[in-house]
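Trainee: Chain by chain, the residues:
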Amino acid sequence: MIPLAHGFVVRSDLPIPEWLFGWAAAMVLVVSFVALAILWPDPRLQDEGWRPLPRGVGRWLTSRPVEILCGAIGVFLLGLVVYSGLRGTQTATANFATTFIYVIFWLGLVPASVLLGDVFKAFNPWRAIGRAVAWIARIAARGPLPAPLAYPRWLGRWPAAAGIFAFAALELVASNGDKPENIAIATLIYSALTFVAMALYGIETWIERGEAFSVYFNLFSRLSPIETRDGVVGYRKPLSGLPALEALPGTVPLLAVMIGSVTFDGAAEAPLWTGIAPDISSFFQDVGLTPQTALELTFLIGLVASILLVYGFYRLGVIGARSVGGGFTTGRLAGAFIHSIVPIALAYVAAHYLTLLLIQGQAISFLASDPLGDGADLFGTANTQIDYGVIGATATWYWQVGFVVVGHVIALTLAHDRALAIYDNARLAVRSQYWMLAIMVGFTSLALWLLSQANA
Amino acid sequence: MVALVVAVVAFVIARPGDDDDGDGSQQAAQTTTTQTETGTADGAAETQTEAEPAPPPKPEISRIRVRGGTVVGGVERVQAAKGDTVRIVVTSDAPDEIHLHGYDIYENAAPGRPARFVFRADIEGIFEIESHVAEDAGKDPLLARLVVEPS
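Chain order of the listed sequences is A and B.
The first sequence begins at 1 in the numbering used here and counts up by one.
The second sequence begins at 1 in the numbering used here and counts up by one.
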C-alpha cells in the first residue's frame, strides 16, 4: 500500500491484549451501573462558580504585554511552519513543519487545553494578526471600523466542523499529507480563508464559532478548571465549563467529525479495513483512476463512513431518549446532551495519540535547532535523538484503557446532570439516561475495540 | 434493562473473537515456513509450498527477500519478545540501503551480499523495516514490520 501521512510514525502501538480488553469492557459496564445508582439526585454542574485567580494574577495574564507576546509567538510559529515547509527538506521527519503541525500543535495543545484552559486563544496567530490589522486600520481611518456582518445563526459551528474534516482528510486521506510543502500550502490557504471570514464576521465571532482550531481546542478547554472571563483568568468547578456549551447548529456534526476521524485512523490499521480497502481501491482503478487517486478516494470513503457511523449512532440514541417522553424534539435533545460527548472525544484522542505525542513529540527538540533539515544547529540540540523506549507497551495499554474508562465516567456524569436539569420529572430523567448510557457504552466499546485492533 | 441488553450486545460484538488468536499463531507459523524455505520468486520451488512447518531451532533468523523492488511473499511480521536477540537477513537483487526504524539501524544490501541485522530487541512496539532505494524512487518502501512484545 502507498504510504499515507502516517508514514512519519516510527513506533506504532501494539494492540491491547484480549484479557485487558475483557477487563476494561467489564469495568466500563460495572462503572456505568454503579454511577447510575450513586450519582446525585439534583443537578450540580449547571453552575460554574467562577472566581478570578488570586492576587491579580488573573488580570496580569491577560494584560496587554502578555497578550502581545503570546500573539507574536503564535505568528512567529505560523511563519516558521510556512517557511520551513516551502524552503526546507521534503523529508517529513526531518522538517519542522510536519512534526510541529501534526504532533505539537494538533496533539500537544489538547492536554494543554484540558489542564490550562483555552491557551490556543492566546497564541492564535490569525486572531493576533487580525487584531493588529484592525488596530492599524482604526488608526488609518481615524475612527471606528464599519460593523461586521451579522453571523448567521444557522451557520453555527458548521465552518469549524468543515475545517476539522479538511484537516483530518489532509492527515489521513491525502497521500502526500505529511509532505512539508503541502502542509505549508494548506496553512496558507487556511490562513487566507480565516482572514476573509474574520473581516466579514468580526474577529472574535469567527474565532468563537468558525475558526476550526479555536473551536476544537476550546471544546477541550471546557473540561479545564481554568477559564478566562471578561479579560480575567479565573478558575471554576472542574467539568462545569461543558454544560455551558451552547448547542449551536453544527455542534453535533463537529463532534461526529472529531470522534469519527480518530475512529477511522484506528480502524485503518484494523484487519476489517485492511481487508476491504484493496478491493475498493482496485474497483476505482478498474474504472480508470490512477492507483494513488483510487487509494485516496478509498480512504476518503472510509473517513466519511466512520463519521456518519458516529453521527448516526448518536442520533439513534437520542431518538431512543426522546421516546421516553418529556415533549422534546430530537434536535433539542441532540443539542442538550452533545456536551457530554466531549470527554469521550478527548478519550479517543488521548488513547489513540498518546505514544505519538510522547515519542514523535521529542523530535521537536532537534527540529527546533534544524527546522529546514539542512544541517543547522541553532540551539545546539540538533543532534538529540528520540528515546523510543520512553513508554513501554504495557504502560501504554494501561494509560489507553484508563483514558477510555475515565472519559466514559465523565461523560455519564455530565449526561446525568443534564438530564436532571432538563426533565422536570425525575423518573423520565432516569429513563432517558438508559439511552444515553447505551450511547456512551457504544462509543466506549468502539474505542476499546479500536485499541485491540490497532496493527493486529 | 434496555441499557444492559445494549451494553452486553456491544460487548459481545466488540470483543475480538478467539479466531483472531488462531489467525495470529497461524500467520506466525506461515512466516517461519516461508523463512525456512528458499522462496525463489520465479516459482521454481513451487513443489515445496505445502512443506511441514518444522519450527526452526534457535537462533531464529528472519529472512526477507527483495526481488525487483518488491518483497517476495509480501510484507511479513518479524515477531520478538523484549530482550530477545533478533537476527534479520535481507537479501536483495539490487543494491539497497535497509533501514530499521526506531532502532535506527542501517545496513547495506547488494546482490550476493545480504544486509544482516543483529540486535537486542529492547524497545517494545511495532517498527517498520524499509528500503531507501524504493523510498527515493517514490515507491512503497515497506519491507517488513518488527513486532516487539513485552516479555
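These are computed hints drawn from the structure, not numbers from a lab.
All C-beta atoms, glycine included, are put in the ideal place defined by N, C-alpha and C.
Mixed in with the good hints there might be a few duds.
To be verified - Distance condition first, Cα-Cα at most 25 Å in a straight line; then the derived DMTMM-like pairs of lysine to aspartate or glutamate:
#1 A:121 x A:48
#2 B:82 x A:279
#3 B:139 x A:230
#4 A:237 x B:140
#5 B:139 x B:97
#6 A:121 x A:42
#7 A:179 x B:136
#8 B:139 x A:269
#9 B:139 x A:18
#10 A:237 x A:227
#11 B:82 x B:107
#12 A:121 x A:47
#13 A:121 x A:18
#14 B:139 x B:122
#15 B:139 x A:171
#16 A:237 x A:47
#17 A:179 x B:93
#18 A:179 x B:140
#19 A:179 x A:374
#20 B:139 x B:107
#21 A:179 x B:135
#22 A:121 x A:227
#23 B:139 x B:93
#24 B:139 x A:286
#25 A:121 x A:171
#26 A:179 x A:18
#27 B:139 x A:208
#28 B:82 x A:18
#29 A:121 x A:67
#30 A:179 x A:48
#31 B:139 x B:104
#32 A:237 x A:42
#33 B:82 x A:269
#34 A:237 x A:208
Said to hold, decoys possible - So the derived list for chain B, only partly shown, Cβ under 8 Å to chain A, looks like this:
#35 69
#36 72
#37 125
#38 150
Trainee: With reference to the structure, classify each hint as holding or not holding.
Mentor: How the hints compare with the structure:
Proximity of residue 121 of chain A to residue 48 of chain A is assessed by CA-CA distance (about 20 Å); at most 25 Å being required, the pair is judged to hold. Straight-line distance between C-alpha atoms of residue 82 of chain B and residue 279 of chain A comes to about 36 Å, which puts the hinted pair past the 25 Å bound. At most 25 Å may separate the alpha-carbon atoms for a hinted pair to count; residue 139 of chain B and residue 230 of chain A exceed this at roughly 54 Å. Between residue 237 of chain A and residue 140 of chain B the CA atoms are separated by roughly 51 Å; this puts the pair beyond 25 Å, and the hint is violated.
Under the criterion of a C-alpha separation no larger than 25 Å, the hint pairing residue 139 of chain B with residue 97 of chain B is consistent with the structure, at around 14 Å. With a C-alpha separation of about 34 Å, the suggested pair residue 121 of chain A and residue 42 of chain A falls outside the 25 Å cut-off, and the hint is violated. Our distance criterion of 25 Å between C-alpha atoms is met by residue 179 of chain A and residue 136 of chain B, whose separation comes to about 14 Å. Distance restraint check for residue 139 of chain B and residue 269 of chain A: the Cα-Cα separation of roughly 20 Å lies within the 25 Å cut-off, and the hinted pair is therefore satisfied.
Of the pairs offered as hints, the one joining residue 139 of chain B and residue 18 of chain A is violated, with about 35 Å between alpha carbons and a cut-off of 25 Å exceeded. Of the pairs offered as hints, the one joining residue 237 of chain A and residue 227 of chain A holds, with about 10 Å between alpha carbons and a cut-off of 25 Å not exceeded. About 22 Å separates the Cα atoms of residue 82 of chain B and residue 107 of chain B, which keeps this hinted pair within 25 Å; it holds. Our distance criterion of 25 Å between C-alpha atoms is met by residue 121 of chain A and residue 47 of chain A, whose separation comes to about 23 Å.
Simply put, residue 121 of chain A and residue 18 of chain A have alpha-carbon atoms about 41 Å apart, too far for the 25 Å limit, and the pair is violated. Of the supplied pair hints, the one linking residue 139 of chain B and residue 122 of chain B is violated, its CA atoms being roughly 30 Å apart against a limit of 25 Å. For a cut-off of 25 Å, the pair hint linking residue 139 of chain B to residue 171 of chain A stands: about 19 Å separates their Cα positions. Proximity of residue 237 of chain A to residue 47 of chain A is assessed by CA-CA distance (about 8 Å); at most 25 Å being required, the pair is judged to hold.
Between the alpha carbons of residue 179 of chain A and residue 93 of chain B the distance comes to roughly 30 Å, so the proposed pair goes past 25 Å and is violated. Restraint check for residue 179 of chain A and residue 140 of chain B: the C-alpha separation of about 15 Å stays at or below 25 Å, so the hint holds. A threshold of 25 Å between alpha carbons decides the hint, and for residue 179 of chain A with residue 374 of chain A the separation of about 16 Å falls inside it, so the pair holds. As the CA atoms of residue 139 of chain B and residue 107 of chain B are separated by approximately 19 Å, the hinted pair is consistent with the 25 Å bound.
Our distance criterion of 25 Å between C-alpha atoms is met by residue 179 of chain A and residue 135 of chain B, whose separation comes to about 13 Å. In summary, the hint linking residue 121 of chain A to residue 227 of chain A is supported, as the alpha carbons are separated by about 11 Å, within the 25 Å threshold. For a cut-off of 25 Å, the pair hint linking residue 139 of chain B to residue 93 of chain B stands: about 17 Å separates their Cα positions. Under the criterion of a C-alpha separation no larger than 25 Å, the hint pairing residue 139 of chain B with residue 286 of chain A is consistent with the structure, at around 21 Å.
Simply put, residue 121 of chain A and residue 171 of chain A have alpha-carbon atoms about 23 Å apart, close enough for the 25 Å limit, and the pair holds. The suggested pairing of residue 179 of chain A with residue 18 of chain A is violated, with an alpha-carbon distance near 36 Å, which exceeds 25 Å. Only pairs whose Cα atoms come within 25 Å are accepted, and residue 139 of chain B paired with residue 208 of chain A is rejected, the gap being roughly 43 Å. Only pairs whose Cα atoms come within 25 Å are accepted, and residue 82 of chain B paired with residue 18 of chain A is accepted, the gap being roughly 19 Å.
Between residue 121 of chain A and residue 67 of chain A, the direct Cα distance comes to roughly 10 Å. Compliance with the 25 Å bound is thereby established for this hinted pair. At roughly 44 Å between alpha-carbon atoms, residue 179 of chain A and residue 48 of chain A are farther apart than 25 Å, so this suggested pair is violated. Between residue 139 of chain B and residue 104 of chain B the alpha-carbon distance is near 21 Å, which keeps this suggested pair within the 25 Å criterion. Taken as a hint, the residue 237 of chain A and residue 42 of chain A pair is honoured in the structure, with Cα atoms around 16 Å apart against an allowance of 25 Å.
Distance check on the hinted pair: residue 82 of chain B and residue 269 of chain A sit about 23 Å apart at the alpha-carbon level, within 25 Å; holds. A distance of roughly 22 Å separates the Cα atoms of residue 237 of chain A and residue 208 of chain A; the hinted pair therefore holds under the 25 Å criterion. Hint status for residue 69 of chain B: violated, given a least beta-carbon distance of 14 Å to chain A, over 8 Å. Nearest Cβ of chain A to the Cβ of residue 72 of chain B: about 17 Å, over the 8 Å cut. The hint is violated.
Taking 8 Å as the C-beta cut-off, the interface hint given for residue 125 of chain B holds, the closest approach to chain A being about 4 Å. Nearest Cβ of chain A to the Cβ of residue 150 of chain B: about 5 Å, under the 8 Å cut. The hint holds.
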